[in-house]
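Colleague: Based on the hints, put chains B and C in the right spot on chain A.
Note that the protein sequences, when read in sequence, are chains A, B and C.
Per this note's numbering, the first sequence starts with residue 2, numbered consecutively.
Per this note's numbering, the second sequence starts with residue 2, numbered consecutively.
Per this note's numbering, the third sequence starts with residue 2, numbered consecutively.
A few of these clues could be false.
In this list, chains with the same sequence are indistinguishable; a pair is considered to hold if it fits within one copy or across any two.
Keeping only pairs whose Cα atoms sit at most 25 Å apart, straight-line, the calculated SDA-like set for lysine to any residue is [said to hold, decoys possible]:
{"#": "1", "residue 1": "LYS229", "residue 2": "THR269"}
{"#": "2", "residue 1": "LYS229", "residue 2": "GLU248"}
{"#": "3", "residue 1": "LYS117", "residue 2": "GLU10"}
{"#": "4", "residue 1": "LYS149", "residue 2": "ILE91"}
{"#": "5", "residue 1": "LYS97", "residue 2": "GLY324"}
{"#": "6", "residue 1": "LYS173", "residue 2": "GLY115"}
{"#": "7", "residue 1": "LYS97", "residue 2": "ALA112"}
{"#": "8", "residue 1": "LYS149", "residue 2": "SER99"}
{"#": "9", "residue 1": "LYS47", "residue 2": "GLN325"}
{"#": "10", "residue 1": "LYS229", "residue 2": "ASN285"}
{"#": "11", "residue 1": "LYS47", "residue 2": "GLN57"}
{"#": "12", "residue 1": "LYS229", "residue 2": "ASN46"}
{"#": "13", "residue 1": "LYS229", "residue 2": "ALA146"}
{"#": "14", "residue 1": "LYS119", "residue 2": "HIS103"}
{"#": "15", "residue 1": "LYS191", "residue 2": "ALA54"}
{"#": "16", "residue 1": "LYS117", "residue 2": "ILE131"}
Since the hints were made in silico from the structure, they are not lab data.
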Amino acid sequence: MPQRYLLSELALLLGADLIGNEAVEIFGIGDAALAQSGQITFVANKKYLPALAEGQASAVLLQAPLSDCTVTNQLIVADPYLAYAKLTLIFDDRPKTSESIHPSAVVAPTATLGTKVKVAANCVIEDGAIVGDNTELCAGVVVGANAKLGQSCVLHANVTIAHHCILGNEVKVHSGTTIGSDGFGYAPSKADGWVKIHQLGRVVIGDQVEIGANCAIDRGAIQDTTIKNGVIIDNLVHIAHNVVIGERTAIAGCVGIAGSTTIGSGCTMGGFVAINGHLTIADNVHFNGGTVVTKSIDEAGHYASGSPMQDVRTWRRTMVRIGQLDEWAGRIKALESQ
Amino acid sequence: MPQRYLLSELALLLGADLIGNEAVEIFGIGDAALAQSGQITFVANKKYLPALAEGQASAVLLQAPLSDCTVTNQLIVADPYLAYAKLTLIFDDRPKTSESIHPSAVVAPTATLGTKVKVAANCVIEDGAIVGDNTELCAGVVVGANAKLGQSCVLHANVTIAHHCILGNEVKVHSGTTIGSDGFGYAPSKADGWVKIHQLGRVVIGDQVEIGANCAIDRGAIQDTTIKNGVIIDNLVHIAHNVVIGERTAIAGCVGIAGSTTIGSGCTMGGFVAINGHLTIADNVHFNGGTVVTKSIDEAGHYASGSPMQDVRTWRRTMVRIGQLDEWAGRIKALESQ
Amino acid sequence: MPQRYLLSELALLLGADLIGNEAVEIFGIGDAALAQSGQITFVANKKYLPALAEGQASAVLLQAPLSDCTVTNQLIVADPYLAYAKLTLIFDDRPKTSESIHPSAVVAPTATLGTKVKVAANCVIEDGAIVGDNTELCAGVVVGANAKLGQSCVLHANVTIAHHCILGNEVKVHSGTTIGSDGFGYAPSKADGWVKIHQLGRVVIGDQVEIGANCAIDRGAIQDTTIKNGVIIDNLVHIAHNVVIGERTAIAGCVGIAGSTTIGSGCTMGGFVAINGHLTIADNVHFNGGTVVTKSIDEAGHYASGSPMQDVRTWRRTMVRIGQLDEWAGRIKALESQ
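Same shape as in the complex, but just chain A (with noise of 0.2 Å):
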């Protein structure tokens, strides 16, 4: 059963205010036209307001007190979004790992464990690894030998965190996701081939990041891989050796950024951005999905790259006409000299 909520206990969570029956009760969130009775639901935008209509929630978070709207029991706050995000903690109903060792984790010996940490089934701790206060591992996480988790973190199954590195307070890993293998460095070498340089610096991580599923982030491969406060990261985003990410920058799905390569912060990547290595963005920088970044960025900006997406029948003589351009840039010059 999922805890009730008094709506006049929700209002006082929020600081909002309450117009309507303060009584009744909330058990649940729900999308505003699919909300069920007992659900709470909230309208970030104007243009959604119709979809009260369609939904039965029992009381909604709004901007500003609506007078002719079907749910009549309304908290009123700054920012409805925000108030929702706040109350997706109270309603999340994640079973946490208990507040003990579980007897299949293998912890060593010389690993030093804070107070009411969580480690679940089959967690490997290594030689000399820290993890803080409150800190849950999920079941099959791996936290190698002399990495340093700080408090109230949550690493989800199967995550993996090499030895050495370092996570802030209340960092938030999902499944699979790798932090500390190898940077891609190697020497090229007539005799030897490709001469792997071991990469002998760490990923260091700052408080309040997450990151999403089956990423992949780099050590440095003398100085460290950063990623500051307040970083978030959405699933498979790659991050190379050495690279920097500057304090709340938002990272979405599928991006790449290879070594070396300087994030400032505030900056925000849509889905696939792809960003060479050696590279300077500077703070406030935002990429559309899909941009490729070639070159530094100096000011605060909106970048994209790409082209239009097309039938495949025209797609394919854009193909051609895009091959013909550097031939068409002589025939305009050559039509104007005329």
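Modeller: Chains B and C only, in chain A's frame:
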């Protein structure tokens, strides 16, 4: 020793007409040009017929009898490629997990396992999870709390199924894949940075779905992420929260689908297709590899985007020319108005 | 405490000429501008020479003696970058797995382990698998039935090697990578949807191959997927069934290679290169990051595709202009015929 079949047995299995020696023994399948004696091969396209003469196949799947063929033992079927697919099942030599719970596996007392369930070493099945009859969990699989797996599923080694997610019957998931990681949802807050939106939905997967290796499929924010019956998904595919994939849609490797997009049934996507969030794609839409989809599509068809591969010097000039296109438009207009 | 070496010992190791104090003690490697006292650095490109004055390096690897250099202890070598690579081996501080089978590991009685094999906690080695001398399996690695690993391999935590796959000697595989997942093969059937083609081939990997984190390499459909000696592969790379990668080819992060494509030796691919299936790429072909390869390439060279990054407003106009190119072709012709 692989099992051997008489050609007559294979004909019976496939409902094929048999020409030649029905007593020839077949122990495996070979590519036409490389097949060894004792192997059966297939020709799905006439242009590969000459390859038969290069190989030593003892039998061949054909759409029509061939009198002047070096392979005289022939099984005649309506669709040789489909017949080949069916034969791969009987020649598959993957060693199956034993019909037992390996003593190293950790199965919560509150989990429910059907009959003939196979659980390999170091698996973890958490509280309240349900595993259907005949389902096979290979080594290191984690099934989260209250997750529900149907019958005759195969979860390959090191797969993670997060809490509350649902898989139908005959679902196959390949190694390293994560199902049910949190969607990438945050509310921006000037005071607090990115405020996490805890993801309250599930991933719900239908019957006869196959998902490749190292994919990440996020749980829904409020509603569920949904993968319908018969969908096939290749490796390293990212499916964001609230996405819906229609029946029998096929998704090649390295595709990414952003949040809240709905894909129709019978669609196909080549590799690296990138689909924006909050779009609706009709049934039977086909995307070439690399298509960037930024708009909804409301009719079946075949779409593409991208620019041609060139030698790098030509390409650099093309890049400059593309950058000049807007200027050119003006120059062409000026020429026309003269 | 890291191990310390006399500069004379490093000179001997590298076959370098030593200038300066041969008795200076070196405990690690630093970047030129950031090196601390006790560290050695390198200058592989003259433009980085000024950085030496910013750091405190106790010695430097150079191609030729430098008289006016702040770092007076110099090792003179033909290739400073290669010499640096060689030094990283001795300063690598990764704690190695103990030379034993951890009691929590599950090793099938029918598996064969060479001498000095290292098996960390919670590994699984299945029936009939063979692990060569000195090979190291880090925590949580799964080696499938009848797989065969050569000597002196390192499989990092949570790697999966599927049944029957073969790795040569000195192969390194980083965390989360899956080798031997099923290729994406199905026969379409109106009655039954996508009928699975069980994948009967293996992945066969040569010697001195390194594969990054969270990659997926599919087993062959009938023949094997083949990665030849000396190949290096970065993170999140997808290699489909039946692909052949020639010796010493280097593949950067987020690359995808579709089924049955053959890549020559000595090739290089930047990040996000996408190669269609059933192609043949010659030796010594180099692809810029993001190249979409839709045709076979029969001669060595350097190829690219893609369009330039622009500020987003300019880019939107460019998108429109690209969509008009076919119309423009006609207008330019019309102007020319006047």
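Colleague: Output the indices of the hints that this structure fails to meet, ascending.
Modeller: 3, 5, 9, 12, 15
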